[in-house]
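Student: Input sequences plus hints: build the corresponding full structure.
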Amino acid sequence: DTAVSQTPKYLVTQMGNDKSIKCEQNLGHDTMYWYKQDSKKFLKIMFSYNNKELIINETVPNRFSPKSPDKAHLNLHINSLELGDSAVYFCASRRRDTQYFGPGTRLTVL
Amino acid sequence: GQQLNQSPQSMFIQEGEDVSMNCTSSSIFNTWLWYKQDPGEGPVLLIALYKAGELTSNGRLTAQFGITRKDSFLNISASIPSDVGIYFCAGQINYQLIWGAGTKLIIKP
Numbered sequence: 001d002t003a004v005s006q007t008p009k010y011l012v013t014q015m016g017n018d019k020s021i022k023c024e025q026n027l028g029h030d031t032m033y034w035y036k037q038d039s040k041k042f043l044k045i046m047f048s049y050n051n052k053e054l055i056i057n058e059t060v061p062n063r064f065s066p067k068s069p070d071k072a073h074l075n076l077h078i079n080s081l082e083l084g085d086s087a088v089y090f091c092a093s094r095r096r097d098t099q100y101f102g103p104g105t106r107l108t109v110l
Numbered sequence: 001g002q003q004l005n006q007s008p009q010s011m012f013i014q015e016g017e018d019v020s021m022n023c024t025s026s027s028i029f030n031t032w033l034w035y036k037q038d039p040g041e042g043p044v045l046l047i048a049l050y051k052a053g054e055l056t057s058n059g060r061l062t063a064q065f066g067i068t069r070k071d072s073f074l075n076i077s078a079s080i081p082s083d084v085g086i087y088f089c090a091g092q093i094n095y096q097l098i099w100g101a102g103t104k105l106i107i108k109p
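Chains L and C are the protein sequences, given in the same order. FYI, this note's numbering numbers position 78 of the first sequence as 78, with every residue one higher than the one before it. FYI, this note's numbering numbers position 11 of the second sequence as 11, with every residue one higher than the one before it.
These aren't lab readings, by the way, just hints derived from the structure by calculation. Where hints are given, some of them may not hold.
Result set (BS3-like, lysine-lysine): computed pairs, CA atoms no more than 30 Å apart in a straight line [to be verified]:
(1) L:LYS41 - C:LYS108
(2) L:LYS40 - C:LYS108
(3) C:LYS108 - L:LYS67
Tutor: Structure representation (structure tokens):
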């Protein structure tokens, strides 16, 4: 069984569109994260939720809006997509000091 | 944002060689983590270190948490082809992970 899952795996879309990425974890963890990994492989944290409440909100354009319907899910909605949003987006969940990552969603904005 | 200093940036090695990489920081961390990322996948935890001076092994991998809590190294002994990938160090502070830029391991045929 997959611990942290994301859908879709690949997302290709036009500039200006709105898209969502879904994340689910079946580990029973209280805290979940969204990261962006750029072409140089640097991992940058975007958001963190603990028990459905936002606890970290890094400097991210407000076109990005996370939504946590329950503590097992943390979805990422992106409005008005731009070319610079192209990257791989990772969801993660945390137990103690360790984070467990999903397989990533490769977003390509044309 | 804050980033750990990870080196080397990339390594070309022969199969069977030992590998060493390290991370340093100006900040003190309570936890150091080492992850590996294969192409098209998310980072996977290799080793977690919780105490200064701690030396932990996971198969052919060995990692140490520096005594000053500002650095860590990862060694891989007798490398094999499936060791290729990007290795990341991460230090934990306030439930956030501060990441290194990664070390790309390439094994020469």
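Student: Now look at each hint and say whether the structure bears it out.
Tutor: Here's how the hints hold up against the structure:
no. : hint               : verdict
1   : L:LYS41 - C:LYS108 : 22 Å, holds
2   : L:LYS40 - C:LYS108 : 22 Å, holds
3   : C:LYS108 - L:LYS67 : 45 Å, violated
Checked against the numbered hints above, the structure violates only hint 3.
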